[in-house]
Amino acid sequence: MFALLLNDINITFMEPCIAEPEKIRLKAEMSDDITDVMPYLNAVIGNAIFNKNAPLITFTKEFRLIVLYPKKLTMAKVVNQTDALQIFDWLKDLINETWDKRDTITPNYEKKHKPTVPQFYGWLPKTNCKECGEANCFAFAAKILQGQQRIENCKPLFTPEYADARETITEVLTAIM
Amino acid sequence: MPVYLDNAATSFPKPEVVYRAADEFMRAVGVNAGRGAYKQALEADRIIYETRRNVAKLFNVKDVSRVVFTFNITDSLNLAVKGILNPGDHVITSSMEHNAVWRPLKVLEEERGISITAVHCDVEGNLDPLKVKNALTEKTKLVVLIHASNVTGTVMPIAEVGAIARENNIPFLVDSAQTAGLYPIDVETMNIDLLAFTGHKGLMGPMGTGGLYIREGISIKPLKEGGTGGDSILEHQPDSLPDRYEAGTPNVSGIAGLGRAVKFILDEGVEKIHNKEAALTGYALHKLSGIDGITLYGPKDNINRVGVISLNIMDLNPQKAGHVLDEKYGIMVRAGLHCAPCAHRTIGTIDRGTIRIGLGYFNTQEDIDCLLEAVKDIIKNKDIQ
Ligand SMILES: Cc1ncc(COP(=O)(O)O)c(C=O)c1O
Numbered sequence: 001m002f003a004l005l006l007n008d009i010n011i012t013f014m015e016p017c018i019a020e021p022e023k024i025r026l027k028a029e030m031s032d033d034i035t036d037v038m039p040y041l042n043a044v045i046g047n048a049i050f051n052k053n054a055p056l057i058t059f060t061k062e063f064r065l066i067v068l069y070p071k072k073l074t075m076a077k078v079v080n081q082t083d084a085l086q087i088f089d090w091l092k093d094l095i096n097e098t099w100d101k102r103d104t105i106t107p108n109y110e111k112k113h114k115p116t117v118p119q120f121y122g123w124l125p126k127t128n129c130k131e132c133g134e135a136n137c138f139a140f141a142a143k144i145l146q147g148q149q150r151i152e153n154c155k156p157l158f159t160p161e162y163a164d165a166r167e168t169i170t171e172v173l174t175a176i177m
Numbered sequence: 001m002p003v004y005l006d007n008a009a010t011s012f013p014k015p016e017v018v019y020r021a022a023d024e025f026m027r028a029v030g031v032n033a034g035r036g037a038y039k040q041a042l043e044a045d046r047i048i049y050e051t052r053r054n055v056a057k058l059f060n061v062k063d064v065s066r067v068v069f070t071f072n073i074t075d076s077l078n079l080a081v082k083g084i085l086n087p088g089d090h091v092i093t094s095s096m097e098h099n100a101v102w103r104p105l106k107v108l109e110e111e112r113g114i115s116i117t118a119v120h121c122d123v124e125g126n127l128d129p130l131k132v133k134n135a136l137t138e139k140t141k142l143v144v145l146i147h148a149s150n151v152t153g154t155v156m157p158i159a160e161v162g163a164i165a166r167e168n169n170i171p172f173l174v175d176s177a178q179t180a181g182l183y184p185i186d187v188e189t190m191n192i193d194l195l196a197f198t199g200h201k202g203l204m205g206p207m208g209t210g211g212l213y214i215r216e217g218i219s220i221k222p223l224k225e226g227g228t229g230g231d232s233i234l235e236h237q238p239d240s241l242p243d244r245y246e247a248g249t250p251n252v253s254g255i256a257g258l259g260r261a262v263k264f265i266l267d268e269g270v271e272k273i274h275n276k277e278a279a280l281t282g283y284a285l286h287k288l289s290g291i292d293g294i295t296l297y298g299p300k301d302n303i304n305r306v307g308v309i310s311l312n313i314m315d316l317n318p319q320k321a322g323h324v325l326d327e328k329y330g331i332m333v334r335a336g337l338h339c340a341p342c343a344h345r346t347i348g349t350i351d352r353g354t355i356r357i358g359l360g361y362f363n364t365q366e367d368i369d370c371l372l373e374a375v376k377d378i379i380k381n382k383d384i385q
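Chains as they are written, first to last, in the working numbering: chain A, 1 to 177; chain B, 1 to 385.
Looking at chain A on its own, in the form it has when it is part of the complex:
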């Protein structure tokens, strides 16, 4: 048995998601620094987006949005606390197994897997208010991913109601742009 890279994850903050109060968003701290495993995670997680300078790695697990930093993480759209703890177990195993097998994995330092337009659209407020100057939110999402729009132009996103979505989107954009 190899020594574990990551021993523990502990929730430090939790509140209902604003747009979806049935779900929760949370912050947690990790007992150990996972910077070194990030390029390997980037290689094994299908939909990961990695920014080696930040550093951070972000990905989705089904509908949940996860962002990992060296010693902390954030998650949004988590079903409930039980779900969060179950995802922590999954994450710990994933990180430790990836670290265990790092000799057999080619680390990937590239950002990859920009989110698709529908994926990015899914995180937007979807009000189709046109304040950004685009015909609808879908068009806005496409322009953002092409680098032809600024996220600040999405006015609803910067209202308190969309605080959690804003956080995730900003993190994703930091990672890919």
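Simulated from the structure, these hints should not be mistaken for laboratory data.
Take the hints with a grain of salt, since some may be wrong.
Unchecked claim - Pairs of lysine-lysine residues, derived as BS3-like cross-links and limited to a Cα-Cα distance of at most 25 Å, are as follows:
hint, chain 1, residue 1, chain 2, residue 2
1, B, K133, B, K106
2, B, K263, B, K328
3, B, K380, B, K320
4, A, K27, A, K72
5, A, K143, A, K111
6, B, K221, B, K62
7, A, K71, B, K133
8, B, K141, B, K224
9, B, K106, B, K224
10, B, K62, A, K61
11, B, K300, B, K272
12, A, K114, A, K143
13, A, K92, B, K39
14, A, K61, A, K72
15, A, K92, B, K263
16, B, K287, B, K328
17, B, K382, B, K287
18, A, K52, A, K114
19, B, K39, A, K27
20, A, K92, A, K61
21, A, K61, B, K57
22, B, K382, A, K92
23, B, K57, B, K276
24, B, K221, B, K82
25, A, K72, B, K300
26, B, K224, A, K92
27, A, K130, A, K92
Start from chain A and add chain B with the ligand according to the hints.
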């Protein structure tokens, strides 16, 4: 030293770690002034989660959130039965059920007009799965079965009945009160959709703990609504599990104890626990059947049964015999109808009941020898009217 042979009612003693976990929770987490209220709450959640995870592992449940905690198996069975059956529905069960299944069904028969088929078991409590198949109707909405009888110890053909239910798309609910922790249970290979369990018997945990595994896709109406932790602003009960079924403050000290108890079982291994109990059961059955004046009920062989043995001594009233065993010999057994009149009707002891021995993981051969000596003594002296 008194001898405790009533583990079928509740296991005693518990593993030392169980007492400690419950105590530790109340002292260190429940009233730890050094931590913020928020962190404490999170610590309690973590303890509950760990228990949930251990239970899920024990029953081979993949998604931990499908394990819902209740306060005992009676609670779990009521939740499942009352949350599934609607007016006009039909339910199939057996003639060996405990009142925890039978009474809720009888209430629904009266209040919701459900119909009940109690498949008849043989005099040893054995059930023929074909009879379940033959009892199916278009209106059948639930099959509920005891895993092992709390009167005779007979183990039911769960996997076979489960397969029949699965083929017909009918939820299959199992009462594991006498098997969980003592007998291997795998919700996948046994085709179990709903597994009700109680914490204080074979699972070796504290009283006031229990739960229900609910397979994904099975819809159950909650028995109660209320607070579910967090500071949810929702006006209705959340749809997600386990919160949907866990309104109100849970028994966290009990759940902490249960978590360690199940960890103990996982560490020992259900196989080992089962083998030890089977060896004791075999020994007891062998010795008891050699004593003139003893009537044994349930399976005579030691293959399809758990360590629950019902017997009578000559024509003595079992309550009185139980009383003498306690008073004169310091042996604690259960006597009477054991909350399962249907089962007593099935095995022909409804008029007087039985003496029941419930073996546990901490019983020894000496405990059984004490019982054997006492029983022989009672028979020899015939000193009970
Ligand atoms: C088969 C069976 N079902 C249900 C129960 C009820 O258990 P509890 O009192 O823990 O709800 C018992 C124990 O008495 C039992 O033996």
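Do the hints match the structure? See the list:
1. B:K133 to B:K106: holds, 22 Å
2. B:K263 to B:K328: Cα-Cα ~38 Å, so violated.
3. B:K380 to B:K320: Holds: K380 of chain B and K320 of chain B sit about 16 Å apart, inside 25 Å.
4. A:K27 to A:K72: holds, 7 Å
5. A:K143 to A:K111: With Cα atoms ~19 Å apart, K143 of chain A and K111 of chain A stay inside 25 Å; holds.
6. B:K221 to B:K62: Given pair K221 of chain B, K62 of chain B holds - Cα atoms ~23 Å apart, limit 25 Å.
7. A:K71 to B:K133: Status violated; Cα separation ~57 Å.
8. B:K141 to B:K224: Measuring from Cα to Cα gives roughly 22 Å; hence the hint holds.
9. B:K106 to B:K224: holds, 20 Å
10. B:K62 to A:K61: Distance ~17 Å between K62 of chain B and K61 of chain A Cα, so the pair holds.
11. B:K300 to B:K272: holds, 22 Å
12. A:K114 to A:K143: holds, 13 Å
13. A:K92 to B:K39: Satisfied, since the Cα-Cα distance of roughly 21 Å is no more than 25 Å.
14. A:K61 to A:K72: holds, 17 Å
15. A:K92 to B:K263: The hint holds at about 20 Å.
16. B:K287 to B:K328: Status holds; Cα separation ~21 Å.
17. B:K382 to B:K287: holds, 20 Å
18. A:K52 to A:K114: holds, 15 Å
19. B:K39 to A:K27: holds, 13 Å
20. A:K92 to A:K61: Satisfied, since the Cα-Cα distance of roughly 14 Å is no more than 25 Å.
21. A:K61 to B:K57: This hinted pair holds, its Cα atoms lying about 22 Å apart.
22. B:K382 to A:K92: violated, 66 Å
23. B:K57 to B:K276: holds, 21 Å
24. B:K221 to B:K82: Between K221 of chain B and K82 of chain B the Cα gap is close to 8 Å, so the pair holds against 25 Å.
25. A:K72 to B:K300: At roughly 60 Å apart (the allowed maximum being 25 Å), K300 of chain B and K72 of chain A break the hint.
26. B:K224 to A:K92: Status violated; Cα separation ~35 Å.
27. A:K130 to A:K92: Cα-Cα ~42 Å, so violated.
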